[in-house]
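Protein chains in written order, with UniProt numbering: chain A, 1 to 459; chain B, 1 to 322.
If you are wondering where the hints come from, they were derived from the structure by calculation, not from laboratory data.
No residue lacks a Cβ here, since even glycine has one placed at the ideal position from N, Cα and C.
Honestly, I wouldn't trust all of these hints.
For lysine-lysine, the following DSSO-like pairs were computed, each having C-alpha atoms within a straight-line distance of at most 27 Å [stated by the list, open to error]: (1) B:K35 <-> A:K121; (2) B:K298 <-> B:K86; (3) B:K197 <-> A:K233; (4) B:K298 <-> B:K97; (5) A:K345 <-> B:K244; (6) B:K197 <-> A:K236.
These stretches of chain A come out as covered by chain B in the derived footprint (C-beta under 8 Å, 3 or more residues) [as the list claims (entries may be wrong)]: (7) 127-133; (8) 364-373.
Single-letter residue listing:
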Amino acid sequence: MSLSRSPSPVPGGGWSSPGLNIPSSGRSSPTRGYPGSNGTPVMWESARLKNTSGSPGYPSFSTQNQGFLSRHMRRLSSNLPHFNANPHYIEKEKIVHGRWSVQNVPLLGRLRGVMARMGRKMKIRLMIVLLFIISVIVFYNTPLIYHWRRSPWLGGGQKFVIILAANVGGGVMEWKGAREWAIERDSVRNKKKYVSRWGYDLEIVDMSTKKRYAHEWRESWEKVDFIRSSLRKYPKAEWIWWLDLNTFIMEPSYSLQDHIFNNLQQHVYRDINEYNPLNISHPLTDPHLDEESRSAVGDGKAESINLVLPQDCSGFNLGSFFIRRSAWTDRLLDIWWDPVAYEQKHMEWEHKEQDALEQLYKAQPWIRKHTAFLPQRMINSFPAGACSENGNDSRIHYDQKDRDFVVNMAGCEWGRDCWGEMYNFRELSYYLNRNIWERFKEDLVAKIWEKITGQKVKL
Amino acid sequence: MHFAYPPRKTSNPPPYLPRSGGTSRLPGLRRSRLKVIALVGIAFIVFIYILTRPSSSSGHGGSTTTKRRAPSGNPPVVLVTVLDEKRYSKAYIDTVKENRIQYAEKHGYEAFFANIHDYDLKNAPPSWASVVATRHALTRFPEARYVWFLDQNAFIMNPRLSLEEHLMKPARLESLMIKGQPVVPPDSIITTFTHLKGPDVDFVLTQDKEGLSSGSFVVRNGEWAEFLLETWFDPIYRSYNFQKAETHALEHIVQWHPTILQKLALVDQRIINAYNQPKQGAEYQEGDLVVRFAECDKIGPQACEIESKRLAQQWRKAFTSS
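Could you put together the complete structure from these sequences and hints?
Below, the structure is given as C-alpha cells:
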C-alpha cells in the first residue's frame, strides 16, 4: 500500500483521528487520500503493517508507547467536540426545527410514534420477545458462552482438560509429510472447537520421541509426565481426558458432563467380566485382602472411580481415557513406570505403557478398586478397519446411526490410510451435524432443484 | 518519547450540551417500570440458563474423592509376627508368641500371628510372607490405627513403652525421624524428605548397616498402607530374585517411587529394631524396646534359639516387674 502523506507522530503510526475517517462528515478530509483507512480503526492498519514486515517505505513508530491510552489519546480527545463540528448540520437543524413532516421524520422518531400508539400490553409483549431474542443471542452466539460453561456454578467446564497427543513419533524418528500435517491440523482443530464450545481446556503435547527418556527406555511413558504436568498446570481440573492424535470428536454437541460424568455410575462397568478380552480373573480371591478389594465392583460408588478407560478387542485401550485428580492417581502415575517390571517384561510389552497398566491391573488390588471401564463406543469407537478380525462388532465399531461420540482410528498407521479415514470422518461429522438452514438447503431445495432440472447443485 | 499534540479546543463550541443522560427517550420506561422489566429480564436469563446449561450435576460436583474414614483405633496397634513352625522348635515359637501377647495385653493391642506357609507366594522366598501378613492384618483389623510388623526372631524387651508414645505420636516422631538420610547407605542419591511433618508419616522403619531393614516396621492403617503393601508384594518383584528378597524390593520401591518415599520416616535403629550383636547394626542396650537376633536365621534355627535364651529371661523379668 502506498501512503500519500507522511505519518502523523502518533506512536502507533497512521492517522489517529477518527473524525477524519467518517466519510459522511461532509468535510473534505485528508482521509480521502488514504485508501486503506476507510472506516477501519487505525490500530488495525498499524498492526497489519507490522505483520507484513518490510512493507515498503512505511516506518513503524511502534517500538514503545504501545499502551491503549497512549495510542488512542488523540483519538479519544478529539472525539469530544465532534458532535456538531459540521456547521451545515447545525444550520439545517435550525431551519427544520419545529416543522416535522411525515417524510422527514427520522427512523427513531417514527419508532417513537409507533411505540406511543401501541397499547401497554403490546409493549410488554414486545419487550418479552425482544428480551428472549437477546438472551438467546447472548447465551448461544457470543464468546461469553465459553466463560459460563467454564465457571464452576454454571457449566463446570474447567473441571475437564483434554490432552491431545500430537506429533507422535515425529522429531527424531521421521519426517512428517503433508498427510501427517493435515491429520494433525484436522485433529487439533476438531478438539479446539470442541473445547471452546464447552469451556474445557486443551493441552496439546508433543509426543515426539524424546531424547531425555532414551537412556531409561521409557519412551512410551511420557503420557505419565504429561498427565502430571497438566494436573499441575490446570489446578482446577478434575478429570483429564487423554486423546490420541488419530481421534475425531464426531459429535461436538455432546458435553462430557451430559455424555458421561453426570451419570458416571450408569455408564461405566467396574466388573471386568462384563467384557473381558484379556481373560483377567476377577475379582481377586486372595484371603489376605479385605472385602472391598475382593469385590468385583470395588465399593460400588461413583466417587471412588479414578480411572475410566475403554477396552477394545485386545484389551485396555489408552487412546482415549479419563483419569481423575486424586492421591490414587499420583500413586498410579508413580508406579506405572518401574524399571524392575520393565526389565522382566519389555519383550512381551508390545504396547508398552498400555501393557504395563494391564499388568498393574492384574497384580494390584488397589488399582482394581478404583478403575472403571466404559463401553468402548462411548468414547472410543473404532472404524471398520481396526479390530476387524471378527468382522463388525457392535461393541467396537462406529455406527453413524447411533451418533457415536468419538472415533479413534487406532492402528491406522500400520497399513491403513490415516488421512483418508480422518477426512471421511470429518466430512461425516459435518454432514451429521448440519444446522437447520443447511439441511433445508441441501435436503430440500437442492433435491427439488435436482428433480426439476435433473442437475445436481451445491448450495 | 513524544505524545500526540494536546487536544485542540474546538473553534465551534457546542451551542448546548446534550441532555445529560438518565431519562430514557422511550416513553413508558419510567423508573417503576424499569424495575419490572429488569426483573423480567433476570427471570429470562435464569430461565434460559436453566434450559441451556449442561446440567452441572451434583454427581461429580463434589470433586473430592471419597476419603476413607479414619480408623477408630480399636485396637490401637496390631502386632504382626510371622512364625515358621516347621523349622523352629515349639518351645521357641511359644516364647515368641508369649512375648507378643503379653506386650499386647499390657497396652490393649492385638497380636496377630501368621504362619509363614499360610500364603501363596508363587515360588518366592518365604520371607515375603511378612509383607502379605501385614496386609492381612489390615484386613483383619480394619479399625486398627497402626500395624507393627516385628520379625519372629525378636523380643520386646521393655513393656513400659507403648508404641504410640514411644514412636508414633507426631511430635515424638518429628523429633526422631532422620531427615535427608540416604535411603541406602552410604551414598544413595535418594534421601528421605527434609520437610516431612509428623502427621504425614505413614511408614516408619529403620536402617541397619546394610541398608533398610524390613524386620521391624510400622505402618499407619489407611489407603496408603494398602497401596504400599500391595505394591511391595507385587508379583513382579517377587519373581525378580532380589538378593535379599523383600528387603531389596523395598529398597527398590522406596528409591524409584516418590509416592512411597514421601510417607516414609527413618528412625534410629534402637527405637524399634536394636540388634543383639553390633556386627550388622546398632546394638541393644538396656531399656530399648526391641531386640532382634539378626542374621541368626541364616545360620539356622538353632543359633536363634541359643541366642534367645539369655534374652528370654530378661524380658520375662522385665514384664513381671513392670
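Tested hints:
In summary, the hint linking K35 (chain B) to K121 (chain A) is supported, as the alpha carbons are separated by about 17 Å, within the 27 Å threshold. The straight-line distance between the Cα atoms of K298 (chain B) and K86 (chain B) is roughly 15 Å, inside the 27 Å bound, and the hint therefore holds. Restraint check for K197 (chain B) and K233 (chain A): the C-alpha separation of about 26 Å stays at or below 27 Å, so the hint holds. For the suggested pair K298 (chain B) and K97 (chain B), the alpha carbons sit about 21 Å apart, so the restraint of at most 27 Å is met.
The suggested pairing of K345 (chain A) with K244 (chain B) holds, with an alpha-carbon distance near 21 Å, which does not exceed 27 Å. Restraint check for K197 (chain B) and K236 (chain A): satisfied, since their Cα atoms lie roughly 26 Å apart, inside the 27 Å limit. Against chain B, the segment 127-133 of chain A contributes 4 residues with a C-beta closer than 8 Å to a partner C-beta. That satisfies the three-residue criterion, and the hint holds. Evaluation of the coverage hint for the segment 364-373 of chain A: fulfilled, as 3 residues show C-beta separations to chain B shorter than 8 Å, against a requirement of three.
Violation of the numbered hints given earlier is absent; every hint is satisfied by the structure.
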